[in-house]
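Can you make the complete structure from the sequences, with help from the hints?
Read off the chains here:
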Amino acid sequence: MIRSALFPRIIFCLLLMIVLTACGGAAAAPEPPEAPAAEAPPESPVVAQPTQDIQGEVVSPPVNTHPAPTALPNTSGPVNPTIHPAIPERRRLTLEFPPRIRAGDSDIVRLTLEVDELGTITPTAGVEGNLVQGEVVQIPNLYDTHHVIAEARFDIAGLEVAPPDLVSQPLAQGQSVTFLWSILPEGVGNYRGTVWLYLRFVDKISGEENPITVSAQSVDIESVNFLGFSGSLARSFGVTGSILGTVIGFPFFEDIVKFLFKRRNSR
Amino acid sequence: MSRRIRILLGVLILVISISFLIWGFAPTRRETRVQPIAPSELQLPTPETRLPELGVVL
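Line by line, the protein sequences are chains A and B.
Letter by letter, the first sequence follows residues 3 to 269 of our numbering.
Letter by letter, the second sequence follows residues 65 to 122 of our numbering.
No lab work stands behind these hints, which were simulated from the structure alone.
Hints are not guaranteed to be accurate.
[Said to hold, decoys possible] Computed footprint of chain B on chain A; a stretch qualifies when at least three of its residues, placed anywhere within it, have a C-beta under 8 Å from a C-beta of chain B: (1) 154 to 166; (2) 216 to 224; (3) 234 to 247.
Predicted model, so just to flag it, every value in this text is computed and none were measured.
Note that the Cβ used here is the ideal one computed from N, Cα and C, for glycine as well.
Here you go:
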């Protein structure tokens, strides 16, 4: 009884599904997703050729409804890149250090950022063939817009370094800055470290800071002794031994001393 | 004989002591490195040179 009541409904549902499937197939197929603009081939005027259908009737080409391609901006003219402010002088970084040091003796490591002899630079641009067309490039002076601070640090393990922290000095136009570190080796051995130099640009208006690393130089320092004696101990032994050796080894030293004492006593 | 030994011992002590003195007072050799720095290395860092900030995705 129940089966006979359900049967027409099942048939109806099946027919409805068939009809819906048929309608869906007749609908327009979904267009493929558009390719990204970057991967799209360059648009060229598409010339559609008339085609013939199966019945031999000439079918006119469809009207191109795409918008006309937009012209690119002309980049063949002179390009004016953004010129960043720069320091208008050539500089020279000089690092001076002792590659070998006596154990127990202190020494100095010196880092100097100085202006080169030909420090003033007139930047020019524009070369065409063999003809050099000099054109002065106006680079904004960084000293006018920023405070320039030179910072340096000497990192080395095993050596006592003073000052151990970052050292800062203001950098003015045409002026040199010098950093000095005093080093003292704790014992004999090879020590390897790095001398860092940074520049920190502080905007005079906004106070924004921009640090850059200018140089990081590796430094090797060897601490040595002489027959197990450190520097100060060797000097002390040298002075004492020289006096003692002179007294003992001088052939007539004893006679001279006796003669002087006798002369003094006779007076 | 003892005088000759004494002189030899004295000369030996003197030579060793002078060696100590020479080593202890000799000026240390210094190494100098000069590195020219172009103005392009002394300019403000451009945005392209900065590292992107790292983000943690959980």
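Now the hints, each set against the structure:
Look at the stretch 154 to 166 of chain A against chain B: 0 of its residues bring a Cβ nearer than 8 Å to a Cβ of that chain, fewer than three, so the hint is violated. Note: the stretch 216 to 224 of chain A has 3 residues with beta-carbon separation from chain B under 8 Å; the three-residue rule is met and the coverage holds. Counting residues of the stretch 234 to 247 of chain A whose beta carbon lies closer than 8 Å to any beta carbon of chain B gives 11, which reaches the threshold of three, so the coverage claim holds.
Violated hint for the displayed structure: number 1, the only one.
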